[in-house]
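Undergrad: Protein sequence lines correspond, in order, to chains A and B. Each residue of the first sequence is one higher than the last, beginning at 412 in the working numbering. Each residue of the second sequence is one higher than the last, beginning at 412 in the working numbering.
These are computed hints drawn from the structure, not numbers from a lab. Computed from a predicted model, the values in this text were never measured in an experiment. Among the hints, a few may not be true.
Said to hold, decoys possible - Listed next, with one range per pair, are the computed distances between beta-carbon atoms:
#1 A:E478 - B:L779: 24 to 34 Å
#2 A:E478 - B:T778: 28 to 38 Å
#3 B:T778 - A:S540: 44 to 54 Å
#4 B:E583 - A:A722: 28 to 38 Å
A virtual CB, placed ideally from N, CA and C, is assigned to each residue, including glycine.
Protein chains: 2
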Amino acid sequence: MGKENFVEQIADIEKDFPQWYTDVVIKTKLVDYGPVKGTMVIRPYGYAVWENIQSELNARFKECGYENAYFPLLIPMSFFTKEAEHVEGFAPEVAVVTHAGGEELSEPLAIRPTSETIIGNMYSKWLQSYRELPIKINQWANVMRWEKTTRPFLRTSEFLWHEGHSAFATAEEAEAETMKMLDVYKEFAENVLAIPVICGRKTEKEKFAGAVATYGMEAMMKDGKSLQSGTTHFLGQNFAKAFDIKFLDKDGAQKYAHTMSFGVSTRLIGALIMAHGDGRGLVLPPPVAPVQAVIIPIAAKKGGVVEACKAVKEKLEKAGVRVKFDDTDSSPGWKFNEWEMKGVPLRIELGPRDIEEGKALICRRDTLEKTAYPLDGLDKTVKQLLEVVRKDMLETARKRRDGRIVYAEDLDGILNGVESGNFVKAGWCGCRACEDEVKAKTAATARVFAEGETSKKCAVCGKKAEHTVIFARAY
Amino acid sequence: MGKENFVEQIADIEKDFPQWYTDVVIKTKLVDYGPVKGTMVIRPYGYAVWENIQSELNARFKECGYENAYFPLLIPMSFFTKEAEHVEGFAPEVAVVTHAGGEELSEPLAIRPTSETIIGNMYSKWLQSYRELPIKINQWANVMRWEKTTRPFLRTSEFLWHEGHSAFATAEEAEAETMKMLDVYKEFAENVLAIPVICGRKTEKEKFAGAVATYGMEAMMKDGKSLQSGTTHFLGQNFAKAFDIKFLDKDGAQKYAHTMSFGVSTRLIGALIMAHGDGRGLVLPPPVAPVQAVIIPIAAKKGGVVEACKAVKEKLEKAGVRVKFDDTDSSPGWKFNEWEMKGVPLRIELGPRDIEEGKALICRRDTLEKTAYPLDGLDKTVKQLLEVVRKDMLETARKRRDGRIVYAEDLDGILNGVESGNFVKAGWCGCRACEDEVKAKTAATARVFAEGETSKKCAVCGKKAEHTVIFARAY
């Protein structure tokens with residue numbers, strides 16, 4: 412009955428998705444609430460997922476020529492006022508340090524909500540000649556945005572993220588980089604997180620405060636809502652002018668640089684949970700799972716079982732699999748549920764009869780299929796299976812997502828679409844009033860432009876459509 | 412004349428050590444000053460050193476059973492007052508957030524100067540049974556201590572560090588862990604940073620605010636001053652009682668846990684610079700050098716030179732060496748100086764004649780020795796040389812340090828000793844007045860107890876000595 416014990420601890424995913432989410436993140440010990448409202452403690456199991464995400468992204472950024480660095484947490488408040496849109500967007504959610512070292516500060520300091528300003532200030536100091544361009548720097552850091560309603564990973568006052576910042580001689584290069592890094596995100600989301608994403612440009616309303624254009628990648632969660640999972644921003648010369656990022660060009664003229672930035676955060680862990688999780692808990696894609704395979708002994712007290720488990724563990728470790736041998740006292744059934752809840756991609760069961768027959772039972776977390784494989788060559792089998800699971804998880808999520816994209820001709824259509832848990836494609840005239848109207852009537856927002864699609868008329872006002880937009884309710 | 416151009420940019424290490432330090436950290440682009448007084452920007456070259464330090468320490472911590480996690484930046488001010496000594500020690504240097512999200516907070520929040528309080532609060536929530544002990548968690552994070560006088564890496568208002576925090580059922584285990592992690596630090600300092608360290612217990616005056624006992628590792632810089640490079644703290648039940656970290660023991664009784672903590676920071680980069688640097692700039696130990704070998708073409712325009720350099724680069728990369736091929740337009744002389752200043756352990760010179768003769772010249776940064784080696788098997792040669800450099804750097808630093816430890820019988824002796832750039836061993840009666848007197852008269856402080864040595868009388872008051880103390884001027 413161990414199974415029921417566990418499952419009943421998690422709210423029913425079909426009946427109460429938000430409570431299911433909260434139960435899963437807390438009970439699998441991914442995260443806990445910090446003592447200050449809106450903050451989270453990322454526990455070892457959650458942080459290990461983050462470290463795997465970091466290592467995958469770091470490799471990709473390095474490939475694109477980025478170097479890591481670290482800029483200060485505290486930014487003079489005056490920096491924010493230098494870029495008009497930026498201050499408007501971020502000032503309301505900034506946390507402010509007014510006292511330090513027992514004294515009141517002469518100027519209040521903001522805890523970074525994002526670092527375009529302070530990095531712009533440094534680039535201005537460093538950059539002299541076109542020869543030093545492009546500058547490509549990435550930072551892994553904590554940032555803070557004071558939010559009224561918070562949920563672990565999805566929206567917390569402090570979160571961890573990376574932010575890439577680059578500067579170029581021309582607008583074309585900066586724009587190309589904005590699109591390139593969006594592609595890098597997409598490839599990462601699909602191949603590493605097994606999450607299919609829709610990428611595209613954001614509306615003026617939804618863009619980053621201070622950007623010329625923002626591009627986002629949107630992922631569909633199991634409840635049909637969208638989670639913005641990463642954004643890239645073409646900043647034009649907005650920050651270059653505000654922070655005096657200039658260089659001496661080949662032609663002897665002083666010119667402003669063109670900059671862009673991009674970031675993803677610990678939100679991605681929320682995306683993983685809600686894109687793949689099921690009634691039993693987490694389902695983690697192999698590339699970021701802290702434990703990729705767990706070995707569970709059956710009738711562990713029988714001679715040879717523990718030894719056989721240890722031998723399999725050693726073999727898998729040598730093959731580079733993140734493996735755990737659960738040799739605790741709990742019953743196999745209890746362990747099955749525990750590790751299913753924790754989303755471990757493969758469970759390897761080994762009992763006396765299996766050993767006798769020279770095989771092991773492997774249960775896939777994503778499909779719950781159980782198959783016997785020969786112990787001989789089990790390391791290769793496991794590695795192949797992990798790869799199959801990764802691909803299948805992506806395809807399963809893609810099919811689910813593709814089946815939940817609908818078209819609408821009017822506001823009612825958008826409302827019906829999102830209420831049934833869909834992404835809705837609809838025409839939009841391009842005006843803010845119509846965009847606001849959609850939100851007011853349907854609680855859906857414009858996620859991204861559906862690239863390459865052309866609607867004839869705006870679903871709100873009926874005028875000529877300028878864009879096809881993907882509307883969805885969003886986290 | 413490129414050489415002179417460079418060398419003259421750095422102050423003379425013999426004449427003005429502090430200016431030499433500042434010149435080196437800024438001109439090698441390890442670091443820059445942030446816009447807020449006392450903050451630093453860790454530039455890519457410096458951050459790469461930090462990443463290498465992290466990866467070496469992470470492997471060691473994992474070996475000791477630690478898992479990484481992340482706790483919130485902001486700590487309620489009330490947490491600090493729960494441990495009387497702790498608040499006294501840290502409150503004066505705390506940065507305080509009073510406003511966030513456009514409103515004044517009901518309780519001011521401290522930016523963590525260290526995380527014993529908030530981690531204690533969480534451990535209290537998590538810990539229930541003796542079965543869950545020990546808890547061993549490590550965090551990589553930024554912390555903030557508002558300092559009046561700051562210097563890059565050595566003392567900055569914000570710095571990066573790791574902090575390990577563990578909880579045990581018994582005092583003996585917590586004390587043993589405190590000593591074990593000190594040993595881990597020592598092994599790391601010597602084998603990775605090539606810095607010989609002296610480890611020992613700190614006096615009551617110098618201990619961590621709230622600890623029962625603090626142990627430190629002290630490293631001698633080239634000016635004879637000491638740099639505290641890492642500390643481990645046995646916290647007894649001080650924080651367990653303040654934060655209610657309790658567990659149900661085997662015997663059915665509720666008991667307070669015994670905790671310990673330990674940390675090293677970006678200060679270590681300062682230690683590296685001042686323990687090994689010379690008149691030409693940095694000398695980086697191979698395990699943490701961002702570039703371990705730089706290839707410089709001689710007469711690069713002659714046929715085959717660039718190709719030969721590229722082939723060597725590829726071979727070294729395959730062997731796991733962090734290698735750079737400097738194919739810029741600058742002259743070889745200019746490059747020599749640039750990479751010497753940046754402290755790259757090995758320089759590989761390749762010209763047409765070398766290639767003809769099937770060899771390459773390798774110049775060691777630590778000794779400046781230049782030797783020709785066959786191109787055949789150069790990957791193995793380079794790997795062996797990096798290991799030789801690492802060992803020799805440690806031995807060189809150890810010999811220098813050992814030659815600068817003297818004994819003193821009285822205050823004059825301590826003063827003479829430290830003024831000549833030595834560590835001074837002297838007897839101490841154990842009273843605070845005498846410790847203060849040493850500082851007042853000599854500007855030296857008690858670094859650590861010299862374990863195993865027994866002085867007869869206190870160098871200040873002449874009474875019976877309780878300890879032999881290592882006194883030094885310190886960063």
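Undergrad: Against each hint, give a clear statement of whether it holds in the structure.
TA: Evaluated hints:
For the pair E478 of chain A and L779 of chain B, the supplied restraint of 24 to 34 Å holds, since their beta-carbon distance comes to about 28 Å. Here the CB-CB span from E478 of chain A to T778 of chain B is close to 30 Å, well matched to the stated 28 to 38 Å. Our hint of 44 to 54 Å for T778 of chain B and S540 of chain A is violated, since their Cβ atoms are close to 36 Å apart. Range check, E583 of chain B to A722 of chain A: about 35 Å between beta-carbon atoms, so the 28 to 38 Å window is met.
Comparing the model with each numbered hint stated earlier shows that hint 3 is the single one that does not hold.
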